[in-house]
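Chemist: Sequence:
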Amino acid sequence: MKAARLYSFTDIRIEDVPIPDLGPRDALVKTKACGICSGDVMPWYIEKKAPLVIGHEPAGEIVALGSDIQKGRFKVGDRVFIHHHAPCMECRCCERGDHVQCDTWRSTKISPGGVSEYILVPEINLLNDTFVLPDGVSFEDASLIEPTACVVKSLKRSRIKKGDTVLVIGLGVMGQLHVLLAKEFGAGKVIGADMVSFRIKKALEFGADHAIDVSKTGLEEELSRLTDGRMADVVIVGPNSVNAMKQGIESAAIGGTVTLFTPAKPDEILSFDPNDFYFKDITLTASYSCGPDDTKEALGFIERKIVSAEKLVTHRFKIEETAEAYRLTVEARGSLKCLVVFE
Numbered sequence: 001m002k003a004a005r006l007y008s009f010t011d012i013r014i015e016d017v018p019i020p021d022l023g024p025r026d027a028l029v030k031t032k033a034c035g036i037c038s039g040d041v042m043p044w045y046i047e048k049k050a051p052l053v054i055g056h057e058p059a060g061e062i063v064a065l066g067s068d069i070q071k072g073r074f075k076v077g078d079r080v081f082i083h084h085h086a087p088c089m090e091c092r093c094c095e096r097g098d099h100v101q102c103d104t105w106r107s108t109k110i111s112p113g114g115v116s117e118y119i120l121v122p123e124i125n126l127l128n129d130t131f132v133l134p135d136g137v138s139f140e141d142a143s144l145i146e147p148t149a150c151v152v153k154s155l156k157r158s159r160i161k162k163g164d165t166v167l168v169i170g171l172g173v174m175g176q177l178h179v180l181l182a183k184e185f186g187a188g189k190v191i192g193a194d195m196v197s198f199r200i201k202k203a204l205e206f207g208a209d210h211a212i213d214v215s216k217t218g219l220e221e222e223l224s225r226l227t228d229g230r231m232a233d234v235v236i237v238g239p240n241s242v243n244a245m246k247q248g249i250e251s252a253a254i255g256g257t258v259t260l261f262t263p264a265k266p267d268e269i270l271s272f273d274p275n276d277f278y279f280k281d282i283t284l285t286a287s288y289s290c291g292p293d294d295t296k297e298a299l300g301f302i303e304r305k306i307v308s309a310e311k312l313v314t315h316r317f318k319i320e321e322t323a324e325a326y327r328l329t330v331e332a333r334g335s336l337k338c339l340v341v342f343e
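Each step along the sequence shown adds one to the number in my numbering, with nothing skipped, and position 241 is 241.
Because the hints were derived from the structure by calculation, they are not lab data.
Take the hints with a grain of salt, since some may be wrong.
Mimicking DSSO-like on lysine-lysine, the simulated pairs with C-alpha atoms at most 30 Å apart in a straight line are [what the hints assert, rightly or not]:
#	residue 1	residue 2
1	K311	K30
2	K296	K216
3	K201	K216
4	K30	K305
5	K30	K296
6	K161	K296
Given the structure is predicted, the values throughout are model-derived calculations rather than measurements.
Assemble the whole structure, with the sequences as input and the hints as a guide.
Modeler: Now the structure itself:
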């Protein structure tokens with residue numbers, strides 16, 4: 001089978017590799033679509049894992065089940081979403097809902113990766129975070145479940161109260177997902193901020209009440225004008241930049257919440273005035289990846305067409321064109337979501 005293996009940020013090769021051997025407690029899935037994750041185009045983050053077959057947003061069809069897999073829940077021919085990690089559902093982290101901190105979640109994986117013609121799915125992934133797709137959800141839609149679930153978790157962590165003003169800094173595909181879903185979680189007003197006109201226009205199409213072009217005006221100044229000086233009750237910081245994180249904190253209203261959706265670059269240190277932070281009573285939180293509860297909710301939003309491939313997928317590529325899909329995602333200008341699609 002073909003698989004797309006990354007050796008470095010600028011070196012992705014299409015290789016012929018063996019179809020994974022099916023074990024008694026595995027499932028084999030024929031990949032139908034896989035997204036290119038915006039997190040995977042951070043050089044420091046992805047290159048420390050290289051070489052690896054990229055892609056962790058796959059959807060496909062089960063073509064074989066191991067002899068020890070309980071057949072009642074899944075069958076050959078099922079159309080499925082598969083999460084690349086799955087928790088044990090039994091440890092203290094899982095009991096608290098912190099699935100991404102579960103040792104099992106961190107150690108599990110699909111093999112060899114999402115951008116390959118077939119994927120081997122271990123039993124724990126199959127049982128604890130794999131879903132059969134409803135009839136109205138396409139493979140392309142399903143490739144959006146994992147990124148949507150990350151946004152579901154982010155918005156839950158942000159503790160939005162009914163009527164809150166939500167500021168989304170960074171309007172790539174993950175920012176657009178925040179725009180699409182914020183009002184589902186109670187937001188009264190959604191404001192986006194970016195410097196790319198294509199993204200700003202898309203955010204307004206997707207329901208943002210305002211979108212600030214930070215290449216033309218100061219973020220805090222314009223936000224203050226739009227909110228009559230109150231600023232934002234919830235701030236979602238998308239860019240992996242300490243400067244963006246500082247702007248997020250400075251954009252928060254009294255009693256507001258700032259959610260860091262992406263890690264900073266290595267060796268960057270976030271510093272701020274603790275007294276200003278304290279007396280404004282701001283909550284600072286992080287939101288890393290997602291768990292089974294989030295993926296289940298995400299599938300619901302996709303089934304209702306609040307999130308869809310029709311809205312978000314701007315470019316589709318064959319597996320042989322994976323490097324171009326990756327390059328376009330890196331460029332981050334005239335695209336939102338790039339998918340690798342399979343026959």
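Chemist: A separate judgement is required for each hint: does it hold in the structure or not?
Modeler: So, going through the hints one by one against the coordinates:
As the CA atoms of K311 and K30 are separated by approximately 25 Å, the hinted pair is consistent with the 30 Å bound. About 40 Å separates the Cα atoms of K296 and K216, which puts this hinted pair outside 30 Å; it is violated. Proximity of K201 to K216 is assessed by CA-CA distance (about 15 Å); at most 30 Å being required, the pair is judged to hold. The hinted pair formed by K30 and K305 meets the criterion: a straight-line CA distance of about 25 Å does not exceed 30 Å.
Straight-line distance between C-alpha atoms of K30 and K296 comes to about 22 Å, which keeps the hinted pair within the 30 Å bound. Distance restraint check for K161 and K296: the Cα-Cα separation of roughly 22 Å lies within the 30 Å cut-off, and the hinted pair is therefore satisfied.
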